[in-house]
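Take these sequences, add in the hints, and give me the full structure.
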Amino acid sequence: DAKTTQPTSMDCAEGRAANLPCNHSTISGNEYVYWYRQIHSQGPQYIIHGLKNNETNEMASLIITEDRKSSTLILPHATLRDTAVYYCIVKNNNAGNMLTFGGGTRLMVKP
Amino acid sequence: DTGVSQNPRHKITKRGQNVTFRCDPISEHNRLYWYRQTLGQGPEFLTYFQNEAQLEKSRLLSDRFSAERPKGSFSTLEIQRTEQGDSAMYLCASRHQTATGNTIYFGEGSWLTVV
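Line by line, the protein sequences give chains A and B.
Everything in the first sequence is counted per my numbering, starting at 1 for the first residue and increasing by one.
Everything in the second sequence is counted per my numbering, starting at 112 for the first residue and increasing by one.
For the record, the hints were derived by calculation from the structure and aren't laboratory data.
Small disclaimer: the values here were computed from a predicted structure and weren't measured.
Treat the hints with caution; some may be incorrect.
[Claimed, not checked] In silico PhoX-like cross-links for lysine-lysine, where the CA-CA straight-line distance does not exceed 25 angstroms:
id: 1; chain 1: B; residue 1: Lys168; chain 2: A; residue 2: Lys3
id: 2; chain 1: A; residue 1: Lys69; chain 2: A; residue 2: Lys91
id: 3; chain 1: B; residue 1: Lys168; chain 2: A; residue 2: Lys91
[As the list claims (entries may be wrong)] Per label pair, the in silico range of CB-to-CB distance:
id: 4; chain 1: A; residue 1: Ser25; chain 2: B; residue 2: Thr224; range: 34 to 42 angstroms
id: 5; chain 1: B; residue 1: Thr224; chain 2: A; residue 2: Gly102; range: 20 to 28 angstroms
id: 6; chain 1: B; residue 1: Glu167; chain 2: A; residue 2: Gln42; range: 21 to 29 angstroms
id: 7; chain 1: B; residue 1: Gly127; chain 2: A; residue 2: Met10; range: 38 to 46 angstroms
id: 8; chain 1: A; residue 1: Ser41; chain 2: B; residue 2: Gly196; range: 19 to 27 angstroms
id: 9; chain 1: A; residue 1: Gly102; chain 2: B; residue 2: His121; range: 22 to 30 angstroms
id: 10; chain 1: B; residue 1: Gln161; chain 2: A; residue 2: Gln45; range: 18 to 26 angstroms
id: 11; chain 1: B; residue 1: Ala164; chain 2: A; residue 2: Ala17; range: 41 to 49 angstroms
id: 12; chain 1: A; residue 1: Lys110; chain 2: B; residue 2: Leu171; range: 35 to 43 angstroms
All residues carry an ideal CB built from backbone N, CA and C; glycine is no exception.
If you want it as structure tokens, here you go:
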């Protein structure tokens with residue numbers, strides 16, 4: 001699976017949009033971009049994933065650049081409960097592939 | 112609550128003792144994964160099952176560790192002769208493999224403290 005690069009930490013004001021970037025310049029054509037987050041002392045929580053089109057669900061939006069070398073996770077109205085470590089993971093959906101976690105971005109939402 | 116259940120949630124044990132963790136995946140999920148996470152690090156893959164078959168093991172899974180999924184439903188992870196370095200959160204995850212549904216869902220983890 002391709003490697004990802006994320007900023008170590010970010011701050012965001014409560015109520016504002018949080019934009020979390022991820023670089024995956026070596027992504028291959030059949031690899032998906034997945035986002036998970038981990039709130040302190042809990043298991044990772046699935047947020048969203050996409051292949052090449054932008055995706056939106058009740059939690060977030062995922063914007064993938066046309067060349068697929070980077071993506072941005074958008075939390076439209078961040079709350080204090082969104083404070084967590086956010087992991088961007090590139091994964092091939094072929095049989096067996098597990099998720100490989102990097103360091104992630106520690107997002108701190110401040111009042 | 113993702114539907115992946117792990118027990119016990121917390122375990123404190125003395126060095127040298129054996130411990131066992133149980134994972135009940137989401138019903139009908141045919142793939143089950145075990146991960147380990149130490150403080151300040153991301154989760155690290157240990158092993159995974161396709162139904163009852165253990166298909167891959169990480170080099171992190173020393174011979175003191177054994178995982179089973181006897182009937183392709185729940186799974187157990189046993190650590191024998193625990194060491195202080197085994198202190199970590201052990202995460203279980205499951206996934207239903209289909210043409211489109213490949214999302215992996217994690218449980219809340221089992222914390223192990225070896226004293």
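Hint check:
Between Lys168 of chain B and Lys3 of chain A, the direct Cα distance comes to roughly 21 angstroms. Compliance with the 25 angstroms bound is thereby established for this hinted pair. With a C-alpha separation of about 14 angstroms, the suggested pair Lys69 of chain A and Lys91 of chain A falls inside the 25 angstroms cut-off, and the hint holds. Annotation: proposed proximity of Lys168 of chain B to Lys91 of chain A holds, straight-line Cα distance about 18 angstroms (limit 25 angstroms). In this structure, Ser25 of chain A and Thr224 of chain B meet the distance hint of 34 to 42 angstroms, their C-beta atoms being roughly 40 angstroms apart.
Under the hint 20 to 28 angstroms, the C-beta atoms of Thr224 of chain B and Gly102 of chain A, about 26 angstroms apart, fit the expected range. As the Cβ distance of Glu167 of chain B to Gln42 of chain A is approximately 25 angstroms, the hint placing it in 21 to 29 angstroms holds. Separation of Gly127 of chain B from Met10 of chain A is about 43 angstroms and conforms to the stated range, judged on CB atoms against 38 to 46 angstroms. Between Ser41 of chain A and Gly196 of chain B the CB atoms are about 20 angstroms apart, so this pair conforms to the stated range of 19 to 27 angstroms.
Under the hint 22 to 30 angstroms, the C-beta atoms of Gly102 of chain A and His121 of chain B, about 27 angstroms apart, fit the expected range. Between Gln161 of chain B and Gln45 of chain A, the C-beta spacing of about 24 angstroms keeps the proposed range 18 to 26 angstroms intact. Checking the proposed 41 to 49 angstroms range against Ala164 of chain B and Ala17 of chain A shows it holds: the Cβ atoms sit about 45 angstroms from each other. Between Lys110 of chain A and Leu171 of chain B the beta carbon distance is about 36 angstroms. The supplied range of 35 to 43 angstroms therefore holds.
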